[in-house]
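Chemist: Going line by line, the protein sequences match chains A and B.
Reminder that position 114 of the first sequence reads as 114 in the working numbering, one-by-one numbering, no gaps.
Reminder that position 110 of the second sequence reads as 110 in the working numbering, one-by-one numbering, no gaps.
There's no promise every hint is true.
Below, computed lysine to any residue pairings styled on SDA-like, alpha-carbon distance capped at 20 Å [said to hold, decoys possible]:
1. K49(B) with F108(A)
2. K11(A) with K58(B)
3. K58(B) with Q45(B)
4. K78(B) with Y50(B)
5. K49(B) with E106(A)
6. K11(A) with R22(A)
7. K61(B) with P79(B)
8. K49(B) with K62(A)
9. K69(B) with L56(B)
10. K71(B) with P115(B)
11. K49(B) with A87(B)
12. K62(A) with A72(A)
13. K78(A) with P111(A)
14. K58(B) with R22(A)
15. K71(B) with K61(B)
16. K78(B) with N24(B)
17. K49(B) with F65(A)
18. K58(B) with E106(A)
19. K61(B) with T30(B)
20. K49(B) with T96(A)
21. K61(B) with R96(B)
22. K11(A) with R52(A)
23. K78(A) with M60(A)
24. K78(A) with D63(A)
25. K49(B) with P115(B)
26. K49(B) with N24(B)
27. K11(A) with A87(B)
28. K69(B) with H9(B)
29. K78(B) with T30(B)
30. K71(B) with H43(B)
31. K78(B) with L46(B)
32. K11(A) with P40(B)
33. K61(B) with F108(A)
34. K71(B) with T112(B)
35. K61(B) with F72(B)
36. K11(A) with H43(B)
Bear in mind the hints are in silico, worked out from the structure with no lab data behind them.
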Amino acid sequence: DARVTQTPRHKVTEMGQEVTMRCQPILGHNTVFWYRQTMMQGLELLAYFRNRAPLDDSGMPKDRFSAEMPDATLATLKIQPSEPRDSAVYFCASGTRTSESVSYNEQFFGPGTRLTVL
Amino acid sequence: AQSVSQHNHHVILSEAASLELGCNYSYGGTVNLFWYVQYPGQHLQLLLKYFSGDPLVKGIKGFEAEFIKSKFSFNLRKPSVQWSDTAEYFCAAADRGSTLGRLYFGRGTQLTVWP
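Only chain B is shown next, with the shape it has when bound in the complex (with noise of 0.2 Å):
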């Protein structure tokens, strides 16, 4: 089976700094990738997806997100991070061969940004 590893459970930064969080993923076929976040007190909200194509994704609110597939790696990146950036972030990874539609999601990882 598939799995998903976030390997930063928290991450505290200041405003303004840089954002890299690690993600990666066991299976070695072709798959969808996904990051998610979870603001609090709310629901898991799409931040960005990777389907095919160039691997470098840009999603909403400045996120971006590398394919790196001979790292089983899709870390997501943020070059200067807000306070309203606070969340949990949640990588995601399907078989994009596979008609199940089921999503292998990590632990998620808590950002914390001080003003």
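This is chain A alone, in the form it adopts within the complex (with noise of 0.2 Å):
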């Protein structure tokens, strides 16, 4: 049974720190997204990448937020420095593409990270 793996699960820390959140997508699928989830905001899309390369991460405040893709088999999202608001669940979803001229845009998701920072 293919699924997305995300860890930590659970992370807390304190303002100011970095953190690293890691995103293995189901072998195979060559897009990659990243959400935030809050009470107050929903469901944000903060960036995605097909085949490694960034499409859109017009989503994510660029001063303290980076994602990457170093190989197929790995994405990670990274805050550095993080502050209270970045409080939230982050999801890593995965997808492909099941024809060469539709894209059927199903996405897999992970079970989160659940980021507290203090």
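Assemble the dimeric complex from its two separately framed chains, guided by the hints.
Modeler: As structure tokens, this is what we get:
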């Protein structure tokens, strides 16, 4: 049963510290998405990649957030320095095109990283 | 840009009641449509999806949704809800012709079912 995995599942840190969240997409999926979920804002798209190249990161605060895909099996989201307002659940999702002409857009979500910044 | 609206923020029902959650999207082209469910403390899981064909789509756990193109709607229904259906439900849409693969999510509807 293929799944998206995320580590860590929970992270508590102090303001100013660096936080790195990792995601392993489903093998064979070539598109990876990072979302942030909060009570106030709901589900927000932060960034996404296709074949490891960033397609759009306009939803991400550039001054402190960065997202990368060092290889096809690993996506990272880094916050440096972290702030209390970054406290949220961060989800990674992966997907793939199922034909050359049409994108079906189905996404598979990981379990999330619950981040608390004190 | 596309947008998805879910008009009900919180719905409270008793067990065995019928459910209908509204979803409207703003894109005029061909769309793929999805409903995801998020149980308390868990991640989003796909409930059902519409790509083409029969506009009445059946998903898991007795859910179904109807795509009405003229109304830009994709409402989720279940004839008889259970306590275990308590969750947050997200509608999502994507441009079927786009290669970007991005989904546009609604704000979600929290469903609470009382036993």
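Chemist: Evaluate each hint against the coordinates.
Modeler: Results for each hint:
{"no.": "1", "hint": "K49(B) with F108(A)", "result": "holds (13 Å)"}
{"no.": "2", "hint": "K11(A) with K58(B)", "result": "violated (38 Å)"}
{"no.": "3", "hint": "K58(B) with Q45(B)", "result": "holds (15 Å)"}
{"no.": "4", "hint": "K78(B) with Y50(B)", "result": "holds (16 Å)"}
{"no.": "5", "hint": "K49(B) with E106(A)", "result": "holds (8 Å)"}
{"no.": "6", "hint": "K11(A) with R22(A)", "result": "holds (12 Å)"}
{"no.": "7", "hint": "K61(B) with P79(B)", "result": "holds (11 Å)"}
{"no.": "8", "hint": "K49(B) with K62(A)", "result": "violated (33 Å)"}
{"no.": "9", "hint": "K69(B) with L56(B)", "result": "holds (12 Å)"}
{"no.": "10", "hint": "K71(B) with P115(B)", "result": "violated (34 Å)"}
{"no.": "11", "hint": "K49(B) with A87(B)", "result": "holds (18 Å)"}
{"no.": "12", "hint": "K62(A) with A72(A)", "result": "violated (23 Å)"}
{"no.": "13", "hint": "K78(A) with P111(A)", "result": "holds (18 Å)"}
{"no.": "14", "hint": "K58(B) with R22(A)", "result": "violated (34 Å)"}
{"no.": "15", "hint": "K71(B) with K61(B)", "result": "violated (26 Å)"}
{"no.": "16", "hint": "K78(B) with N24(B)", "result": "holds (18 Å)"}
{"no.": "17", "hint": "K49(B) with F65(A)", "result": "violated (32 Å)"}
{"no.": "18", "hint": "K58(B) with E106(A)", "result": "holds (16 Å)"}
{"no.": "19", "hint": "K61(B) with T30(B)", "result": "violated (27 Å)"}
{"no.": "20", "hint": "K49(B) with T96(A)", "result": "holds (15 Å)"}
{"no.": "21", "hint": "K61(B) with R96(B)", "result": "violated (26 Å)"}
{"no.": "22", "hint": "K11(A) with R52(A)", "result": "violated (25 Å)"}
{"no.": "23", "hint": "K78(A) with M60(A)", "result": "holds (11 Å)"}
{"no.": "24", "hint": "K78(A) with D63(A)", "result": "holds (11 Å)"}
{"no.": "25", "hint": "K49(B) with P115(B)", "result": "violated (28 Å)"}
{"no.": "26", "hint": "K49(B) with N24(B)", "result": "holds (15 Å)"}
{"no.": "27", "hint": "K11(A) with A87(B)", "result": "violated (24 Å)"}
{"no.": "28", "hint": "K69(B) with H9(B)", "result": "violated (23 Å)"}
{"no.": "29", "hint": "K78(B) with T30(B)", "result": "violated (26 Å)"}
{"no.": "30", "hint": "K71(B) with H43(B)", "result": "violated (30 Å)"}
{"no.": "31", "hint": "K78(B) with L46(B)", "result": "holds (16 Å)"}
{"no.": "32", "hint": "K11(A) with P40(B)", "result": "holds (19 Å)"}
{"no.": "33", "hint": "K61(B) with F108(A)", "result": "holds (18 Å)"}
{"no.": "34", "hint": "K71(B) with T112(B)", "result": "violated (27 Å)"}
{"no.": "35", "hint": "K61(B) with F72(B)", "result": "violated (25 Å)"}
{"no.": "36", "hint": "K11(A) with H43(B)", "result": "holds (17 Å)"}
Hint compliance for this structure: hints 2, 8, 10, 12, 14, 15, 17, 19, 21, 22, 25, 27, 28, 29, 30, 34 and 35 are broken, all remaining hints hold.
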